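Engineer: Add chain B to chain A, keeping to what the hints say.
For reference, the chains in residue letters:
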Amino acid sequence: MSPEALLNIGVSAISQGIIWSIMSLGVYITYRLLNFADLTVDASFTTGGAVSAIMITQGYSPILALICALIAGMGTGFITGFLNTRMNISALLSSILAQIGLYSINLRIMGKPNLPLLRVETTFKNFSEWIGLRDPFSSLILGFTVAVAVVCILYWFFGTEIGCAIRATGDNPSMVRALGVNTKNTVLLGLILANGLVALSGGLLAQSQGFADMGMGTGAIVIGLATIIIGEVLFFKKNFMLRLFGIVFGSIVYRIIIAIVLQMKVPSQDLKLFTAIIVALALWIPNALDQNRARRARKSANKELFAGDQDTNNGGASHA
Amino acid sequence: MLNIKHLRKIFNPGTPNETMAIYDLNLHLKPGDFVTLIGGNGAGKSTLLNCIAGVYPPSAGVITINDNDVTFKPEHKRANYLGRVFQDPMLGTAGNMSIAENLAMAARRGKSRGLGWGISKEEFDQYKEYVSRLDLGLENRMSVKVRLLSGGQRQALTLLMATLQRPDLLLLDEHTAALDPRTADKVLYVTRRLVKENNLTTMMITHNMRQAIEFGNRLIMMNHGRIVLDIEGEDKKGLEVNDLLKRFAAASGEEFDSDRALLSM
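If you read the protein sequences in the order shown, they are chains A and B. Numbering follows the numbering used here, in which position 112 of the first sequence is assigned residue number 112; successive positions increment by one, without gaps. Numbering follows the numbering used here, in which position 198 of the second sequence is assigned residue number 198; successive positions increment by one, without gaps.
These are calculated hints, taken from the structure and not from any lab test. For clarity, every value in this text was computed on a predicted model and none was experimentally measured. All residues carry an ideal CB built from backbone N, CA and C; glycine is no exception. Accuracy of the hints is not assured; some may be wrong.
Short derived list, chain B residues pointing at chain A, Cβ under 10 Å [to be verified]: (1) Glu75; (2) Ala79; (3) Asn102; (4) Met105; (5) Gln165.
Just chain A, same shape as in the assembly (with noise of 0.2 Å):
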């Protein structure tokens, strides 16, 4: 393979990273800040995608189709949210619901499986012409500009009045009851949030791709997940503003990860298979790591702690 090849591969797997990580942002917000396992997601993605693809070849410009994605997304945020928190449906369940029943609607706004968006405007056609740059390092910079937009944008709220009642809520929800705050609009508040992130997401992975089709939300919440937890293995979990991008630059590793194994030729009917298999094993090591570490540590102070005792009685050798 040529260098050129090589780097062009690179840089789209970066970009499509980038452009995933603000999906992966609103994930987190309703995994970590919320505890609240939000399955809307696989579909709202979707949606974001859909609105996004309908609009652009309805004649509309790019970069309201993106708006409306997010708003869309918001939508699709606030029907789990009313199940969950109005008509009291454990999340699991009420963000599952959402998501079957956005299928349907998602499957309405494009009217078919798959849309196409040839020889159309899109977000980034246009950027690239406005920079004068090609392809994959023109959507770099897009994508980037609009990450590091959202987590100014996540950073600032997360740190308003309303922000931190949102994470308190995900903390412990008593708490934040007993302290004047509906618990309820601060859960519907979260979701509508991070859905629009998922949606505008999925809007602009749309215009990137150059299609919106109903598969290509499914498995987005598993992929957020192994996002967030690469980004809190590899990188700083110092400050809110760090954690942030450290999504960000999760989403990244992910996408060069899977880029590496396509081109092993992995067939790419596999790729699922193999993201549950890097979640699992995401999940688990942190945790292995930390059990290994304990022992280790069990080992060498029990070492030093017995060895005085093995002259004076039956010794400490087995106290491992």
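Structural biologist: The following block gives chain B in isolation, referenced to the frame of chain A:
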């Protein structure tokens, strides 16, 4: 101040597990009252506090705080009037947030929350001073996550949070029961100081009879969902544990049966 009329609470009504936790309870608290609430297991003390706080709705009766009917007001709306400290030190604070952030959220109890910054520099310095008065050495750890604190430290912090915005009524649900004796003493000391400084109307559940006698101006003893003793003022001052047991037996027709309360005398 607090007025409870014919309060009744039945759990699992209409099922074989039906329990009448509170039978028919009337209680009136004057502003500045410090009530200690004592009773055996299942007497209904915690249920009473939870009904006042709105954790669950009562099965019958009316609860008013400062002439506002709060009987069916949701928990977060009653929070305007109430400061609360729970038995479990984990329940009163958000473990993944810093000491300062927890206090900042408590300072906004009963106020509307907007998009202003969650904590300002002036607030931070002010909280630091409040925290230093707890005398737990936490003032230099304001940005530390609360989950790294000990149970006693978390309870003291929760107390400070509950009183940061002066509550009309402070509810303490056995807030020292999960602590070791020395830490419990320290938290009780803080309790006494904060209640006195802010002249707070307080209800404190305790299982320790000496504590119930020593603290407050009024002692209420519950049994099987009823108030059986209500001792106030001068009458309470000369009280001894043995008097209390005798009067309990006379009023309820049975011996006081809480081993925990008797053992911790």
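Engineer: Are the hints correct? Go through all of them and say.
Structural biologist: Hints versus structure:
1. Glu75: holds, 5 Å
2. Ala79: holds, 3 Å
3. Asn102: holds, 8 Å
4. Met105: holds, 5 Å
5. Gln165: holds, 9 Å
In the structure shown, no violation is registered for any of the earlier numbered hints.
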